[in-house]
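A.B. asks: Chain by chain, the residues:
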Amino acid sequence: SMNPDLASERQTASFSVEKLTAWLDGGAEHTQIRRAVVEAIESDPVFSRENQYFQSQNERYEAAVRKGVHLQKKMHEMGWTENGPESKYIYRALSGDVAFSLHRVFKRSIWVLGSDKQIAKWIPLASQYQVIGTYAQTELGHGTYLQGLETTAVFDVTTQEFILHTPTISAMKWWPGDMGRSATHTVVFAQLYIHGKCYGVHPFIVQIRSLQDHSLCPGITAGDIGPKMSFEHADNGYLMLQKVRVPRENMLNKFCEVQPDGTYVTRGSEKINYFPMTTVRISIILDEVIIPLMKACTIAIRYSVVRRQSKLKPGEQEAKILDYQTQQEKLLPQLAAAYAFLLINNYLQELLDRAYKEIQRKNFDTLPELHACSSGFKAMVTQYSTSAVEICLRACGGHGYSLLSGLPSLYTRILASCIYEGENTILFLQTARFLMKCFMAASAGQPIPPSVTYLAAVKPGKCPAKSKLDFLSPDIYTEAYQHAAVRLISSTAAKLQDLIQSGVKKYDAWNQCTVQLVQAAKAHCHYISVENFAETVEKLETKPGIQKIMKHLCDLFALHGIFSNAGLFLHDGYLSGAQMDMVTASYLDLLAVIRRDAVPLVDAFDFTDKSLNSALGSYDGHVYQRLYEWAQKSPTNKQISPAYEKYLKPLLHNSLSKL
Amino acid sequence: AGAAMMNADLRRERAAATFQTELLTHILDGGAERTRRRKEIEALVLNDPDFQHEDLNFLSRSQRYEQAIRKSALMVMKLREYGIADPEEIFWFKSFVHRGRPEPLDLHLGMFLPTLLTQATPEQQDRFFMPAWNLEIIGTYAQTEMGHGTHLRGLETTATYDPATQEFILNSPTVTSIKWWPGGLGKTSNHAIVLAQLYTQGQCKGLHAFIVPIRQLGTHEPLPGITVGDIGPKFGYDEMDNGYLKMDNFRIPRENMLMKYAQVEPDGTYVKPLSDKLTYGTMVFIRSLIVGDSAHSLSRACTIAIRYSAVRHQSELKPGEPEPQILDYQTQQYKLFPLLATAYAFHFVGAYIKDTYRRISGDINEGDLSELPELHALTAGLKAFTSWTANAGIEECRMACGGHGYSRCSGIPDIYVTFTPSCTYEGENTVMMLQTARFLVKSYTQVSSGQRVTGMVSYLNDLPRQRIQPQQVAARSVTVRINDPLSLVEAYKARAARLVEAAAKNLQAELNHRRSKEDAWNRTSVDLVRASEAHCHYVIVKLFAAKLSEISNAAVRAVLTELCLLYALYGISKNTGDFLQAGILTDAQITQVYQRVKELLAVIRRNAVALVDSFDFHDVHLGSVLGRYDGNVYENMFEWAKKSPLNQKEVHESFHKHLKPMQAKL
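If you read the sequences in order, they're chains F and W.
Residues in the first sequence are numbered consecutively from 1, following full-length UniProt numbering.
Residues in the second sequence are numbered consecutively from 1, following full-length UniProt numbering.
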């Protein structure tokens with residue numbers, strides 16, 4: 001049976017949920033494959049996550065290893081391959097709660113950075129799990145800035161070996177997943193020295209644990225870095241190397257090589273080094289960021305129609321909390337953002353595919369644009385989604401704080417994405433650097449990449465909207481975003497120029513403008529997201545049932561952005577105060593419209609109850625019963641706590657004399 | 001000895017400060033004598049071997065609960081041993097013992113005992129108070145139900161009076177009526193004050209409080225008719241056994257209803273209470289604590305992030321030079337210094353509410369409650385405003401520490417999970433903002449009908465006068481001097497007035513469309529929340545600016561003035577739309593505001609470490625490897641990590657159980 005409050009929401013959907021799901025998946029055939037993968041994984045008890053909220057760090061780690069091992073068996077059984085159509089759904093179906101994710105990065109880095117000979121040697125071993133690998137780049141004292149790494153690799157000509165060494169405590173490798181307990185090998189990034197000369201950071205394969213008994217190899221100190229805000233299942237580790245020797249062949253040498261006599265040789269383009277980083281950045285956006293946001297929206301919106309609180313009309317039943325304007329204003333913009341980001345993810349994938357094809361033809365011209373886009377959107381999507389998940393958590397009142405709501409773990413996990421694969425502020429600044437270059441080029445009449453051509457056609461003026469309905473026109477709001485982006489980019493460029501012309505050193509001028517530069521990069525990404533959403537909606541002509549609701553979501557996404565950043569649009573009078581009031585009115589009206597389809601819109605994400613793993617967000621809406629039954633399974637209710645005998649009892653009885 | 005071991009960067013930062021940190025600490029504590037006493041109490045706890053224990057990050061939830069109970073029991077005894085009785089001193093002691101974390105006796109000490117004092121009859125106090133004081137009875141306060149929170153009238157638990165036996169029969173009629181969340185209920189308490197709908201002589205008389213025994217004295221087993229337990233793991237609060245309670249025809253004697261105000265006589269006759277305004281007082285008090293906690297938690301996070309940013313070096317500012325301290329990056333300063341200013345602002349607001357409450361509650365005993373409604377309305381909004389801001393600020397501090405902020409050793413995850421529920425408990429923040437809005441609209445309506453209003457809303461008095469002038473809003477802009485805190489207060493005032501007026505007018509427009517009062521209110525609630533926020537923001541800027549004139553030391557006043565300006569200007573830069581739309585500031589002024597914010601960042605930079613040192617958190621209390629006073633971050637991170645539970649054996653058992661068999665098979 002279904003909770004009647006949820007059932008009634010589903011009866012009034014203005015569109016076909018199944019059709020929207022199929023569209024989101026990229027076709028009904030993909031939906032079918034996805035569901036089959038999810039079914040296979042979820043029906044297997046080894047992959048169950050029901051107890052995960054009750055488990056300690058040690059138990060979570062063990063479960064992740066068990067699942068990682070079992071997954072190999074499962075894939076074999078099901079006939080799934082690493083490059084098959086199922087592969088992209090496997091990780092999602094496991095909700096990422098599995099070991100060896102860095103093992104995959106280890107393999108990929110050998111594919112990309114290793115010679116054919118190295119690939120032939122290491123890939124079969126890794127695929128058979130004869131070795132378990134990880135990827136050690138970050139150090140205790142050094143993060144995003146690669147040149148600052150301190151680990152050294154000194155070439156010894158006499159023995160034809162590299163000597164890897166951790167010279168200081170801040171040079172310890174810190175954070176790599178699978179490093180703490182599981183890995184036997186790792187790719188280590190170290191400063192290469194030959195005959196006393198430094199050649200910069202290079203990758204080396206180093207064995208860290210015995211293949212016999214898993215004990216640490218001589219010269220290796222490694223372990224787990226301790227509890228974190230989340231990722232309890234992952235053994236993020238540290239690594240200290242004391243003059244560890246590896247053979248010359250262990251330097252990954254597709255692009256550069258140290259010859260036996262110590263001669264250093266490079267080949268190929270250095271630009272390609274950025275390509276793997278860019279692909280990783282794009283690949284995390286869906287699984288690690290957008291899907292958690294979609295889950296959080298599903299949980300919070302379903303709960304908001306089950307939860308009743310206070311009265312809207314005297315004499316009536318307490319109202320569903322989703323009927324409160326303030327609750328709608330919290331949740332529905334996050335829902336619209338989830339859709340907007342799904343579409344941005346498609347946009348990035350297309351960009352990536354195009355770039356990849358060009359690279360095959362040895363054309364590297366598209367890389368700067370790809371790099372700038374992936375940086376900016378990674379930063380924008382992770383930052384926005386992180387705060388969106390937190391909003392969902394807090395919109396669920398007290399129950400949101402229970403781990404059983406599923407929301408705390410979604411939040412603590414997604415927020416790491418603001419830091420890893422490039423800290424967001426630094427990424428925005430990389431996008432800003434690209435924008436500054438393009439703006440200068442455009443001003444000088446030079447050609448610029450397609451995503452920024454708008455910088456060349458600056459149209460000054462005012463917003464032509466005359467009524468609140470005008471703000472439901474994509475042309476009107478897209479232009480407003482474009483105008484704001486151009487204004488911020490051009491004024492920052494001018495400021496930068498002024499400073500440099502007044503004698504400030506280039507790097508100082510840059511630092512003095514970084515707050516503005518970040519703003520400019522954000523405005524650019526926001527504009528592209530709105531434009532991309534609007535264009536996608538326009539192309540939905542053949543699917544009128546879906547087009548209408550997607551248009552509403554697009555309008556909401558756009559108007560929410562204007563409403564929340566009013567100053568950006570009022571500055572220089574592009575929007576007048578009266579027009580801003582129209583935006584607000586239109587925005588608030590939309591909330592009530594989308595409210596009607598809120599539940600079908602999250603149903604379309606098609607998450608099973610097991611994948612949500614939430615007492616509040618289940619499909620049938622039996623929130624309270626589930627919460628009550630699940631809580632009783634908590635170990636705190638089953639195991640006898642020694643606290644009573646040891647402390648409470650004396651406190652309640654014998655201690656009176658002492659008081 | 002400390003100086004020799006101190007990280008060189010931090011030493012340099014401290015030497016360059018332009019003011020004496022102790023002087024500012026005294027201001028924050030409310031005088032040198034209070035600082036001395038605080039440190040004395042701090043030392044009592046820190047030097048006591050009974051309060052030492054392993055790092056809580058490495059313990060399971062059950063172990064953390066056990067540690068907390070152990071310390072709470074000792075704490076109660078030692079408080080009495082030392083004769084510490086002043087509420088603020090008890091608070092200090094408690095917060096050092098538990099290092100700022102919640103503990104299982106919180107509800108007993110903070111709700112059960114005070115409720116007995118205020119709502120029990122003398123006879124009931126005889127029966128319950130001393131046993132509770134001596135911890136023979138440990139109690140909690142059970143109000144929230146699984147399906148019902150802030151809206152008290154919706155609670156479902158019933159207490160039906162049976163005149164035949166002179167008992168109340170308590171029932172949890174549905175799943176949604178199960179009491180859910182009370183701290184200390186799950187495992188610790190043997191009594192609870194239960195809020196239930198009172199039924200007598202066939203009529204519902206609304207919510208009343210009952211003392212309900214829940215566990216057998218002696219065995220601690222639940223009593224027949226009582227189902228009680230822990231609600232399971234949460235986002236933080238690992239030390240706390242938040243619990244559930246279900247009652248099935250559970251009988252308690254008539255004398256267990258708290259009857260100082262309302263009463264049920266033996267035959268079932270109900271006697272009404274006189275006034276319920278008094279309960280306002282407790283709420284104001286608790287909300288003032290949350291405002292103080294917002295300041296405190298944000299200060300801790302700022303201390304960690306700013307010290308670490310002075311120790312951490314990254315990338316390159318000038319080609320060829322060593323990696324600079326990350327605190328030298330403008331973007332890092334822009335993340336952290338406005339939060340530092342906010343922490344100071346909130347501190348002064350917390351102190352203001354506490355003082356005002358103290359003054360007014362003096363009046364309560366003399367019967368003058370006239371100021372209470374305004375304070376009640378104001379604290380609702382300020383509770384929401386400060387907890388939202390601090391919550392987001394703590395997260396920004398964590399992210400400003402890069403990857404290491406995410407490790408539990410940074411201490412910030414713990415500060416966050418401990419603090420974040422305050423956005424929800426003691427009144428969900430949006431609901432709180434709407435309470436303030438109700439007061440603002442009421443005041444606005446009074447002004448519109450020709451009455452004058454007083455206190456923090458008195459700026460509304462000026463509105464009608466402005467309205468009869470024919471000019472557009474933009475034409476009556478105040479002249480704002482962006483380097484003058486008092487002038488910025490005027491700007492915030494104008495913004496609040498404009499948003500209150502806009503919300504009130506929109507509400508009226510909805511009513512004119514013949515919507516019901518409730519419907520109109522709901523359709524305006526986003527505007528109303530914005531109006532409340534603007535009002536609270538104004539109050540905070542005003543209180544911060546007012547504080548400056550009280551500070552005698554010129555060097556301290558100078559640095560606080562910089563912080564005050566940064567707080568006010570940063571707030572404008574984040575809400576430019578409001579100031580532009582109302583015509584309070586021009587485009588050119590907004591540009592100047594942006595510029596001035598950046599200049600202030602550079603000015604505050606040299607005092608940043610000293611400004612967090614002034615918060616004077618002991619390392620043990622701060623609980624952070626990144627925020628250590630001596631700045632020796634990396635070696636201590638390594639030492640900390642070695643103690644991780646995953647590192648207890650050189651080879652983890654998962655290798656033998658899973659990895660090895662797999663490698664053999666594949």
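Hints in this document: simulated from the structure, not taken from any laboratory.
Where hints are given, some of them may not hold.
[As the list claims (entries may be wrong)] Label pairs and their computed distance ranges (CB to CB):
hint	chain 1	residue 1	chain 2	residue 2	range
1	F	Q625	W	F129	53 to 59 Å
2	F	G27	W	S448	32 to 38 Å
3	W	H513	F	E39	37 to 43 Å
4	F	K506	W	H513	26 to 32 Å
5	W	K649	F	Y264	31 to 37 Å
6	W	E221	F	E39	55 to 61 Å
7	W	R452	F	V593	38 to 44 Å
[Said to hold, decoys possible] Simulated crosslink set (DMTMM-like; lysine to aspartate or glutamate; CA at most 25 Å straight-line):
hint	chain 1	residue 1	chain 2	residue 2
8	F	K505	W	E599
9	F	K646	W	E599
10	F	K649	W	E221
11	F	K311	W	D50
12	W	K649	F	E59
13	F	K311	W	E599
14	F	K320	W	D50
15	F	K495	W	E316
16	W	K574	F	E50
17	F	K506	W	E599
18	W	K657	F	E50
19	F	K646	W	D106
20	W	K642	F	E50
21	W	K318	F	D213
22	F	K495	W	D162
23	F	K313	W	E599
24	W	K205	F	D213
Note that the Cβ used here is the ideal one computed from N, Cα and C, for glycine as well.
A.B. asks: All the hints need checking, so say for each whether the structure fits it.
C.D. replies: Against the structure, the hints come out as follows:
1. Distance hint check for F:Q625 and W:F129: the Cβ-Cβ separation is about 39 Å, which falls outside the suggested range of 53 to 59 Å.
2. Between F:G27 and W:S448, the C-beta spacing of about 60 Å breaks the proposed range 32 to 38 Å.
3. At about 51 Å, the CB distance of W:H513 to F:E39 disagrees with the hint of 37 to 43 Å.
4. At about 59 Å, the beta-carbon gap between F:K506 and W:H513 misses the expected band of 26 to 32 Å.
5. Between W:K649 and F:Y264 the beta carbons are some 42 Å apart, a value that contradicts the proposed interval 31 to 37 Å.
6. Taken as a hint, the range 55 to 61 Å is violated for the pair W:E221 and F:E39, whose Cβ atoms sit roughly 44 Å apart.
7. A hinted range of 38 to 44 Å for the beta carbons of W:R452 and F:V593 is consistent with their spacing of about 42 Å.
8. Using a Cα cut-off of 25 Å, the hinted pair F:K505 and W:E599 holds, with the two alpha carbons roughly 17 Å apart.
9. A C-alpha spacing of about 59 Å is found between F:K646 and W:E599, which places the hinted pair above 25 Å, so the restraint is violated.
10. Distance restraint check for F:K649 and W:E221: the Cα-Cα separation of roughly 12 Å lies within the 25 Å cut-off, and the hinted pair is therefore satisfied.
11. Distance hint between F:K311 and W:D50 is unfulfilled; the C-alpha atoms sit about 51 Å from each other, more than 25 Å.
12. Distance restraint check for W:K649 and F:E59: the Cα-Cα separation of roughly 14 Å lies within the 25 Å cut-off, and the hinted pair is therefore satisfied.
13. Under the criterion of a C-alpha separation no larger than 25 Å, the hint pairing F:K311 with W:E599 is inconsistent with the structure, at around 50 Å.
14. Pair hint F:K320 plus W:D50 does not hold up; C-alpha atoms about 50 Å apart against a cutoff of 25 Å.
15. Proximity of F:K495 to W:E316 is assessed by CA-CA distance (about 22 Å); at most 25 Å being required, the pair is judged to hold.
16. Pair hint W:K574 plus F:E50 does not hold up; C-alpha atoms about 43 Å apart against a cutoff of 25 Å.
17. Taken as a hint, the F:K506 and W:E599 pair is honoured in the structure, with Cα atoms around 18 Å apart against an allowance of 25 Å.
18. Proposed proximity of W:K657 and F:E50 is supported: the alpha carbons are some 22 Å apart, at most 25 Å.
19. The straight-line distance between the Cα atoms of F:K646 and W:D106 is roughly 20 Å, inside the 25 Å bound, and the hint therefore holds.
20. At roughly 30 Å between alpha-carbon atoms, W:K642 and F:E50 are farther apart than 25 Å, so this suggested pair is violated.
21. The hinted pair formed by W:K318 and F:D213 fails the criterion: a straight-line CA distance of about 49 Å is larger than 25 Å.
22. Restraint check: the Cα-Cα separation between F:K495 and W:D162 comes to about 80 Å, which exceeds 25 Å; the hinted pair is violated.
23. A distance of roughly 52 Å separates the Cα atoms of F:K313 and W:E599; the hinted pair therefore is violated under the 25 Å criterion.
24. A threshold of 25 Å between alpha carbons decides the hint, and for W:K205 with F:D213 the separation of about 72 Å lies outside it, so the pair is violated.
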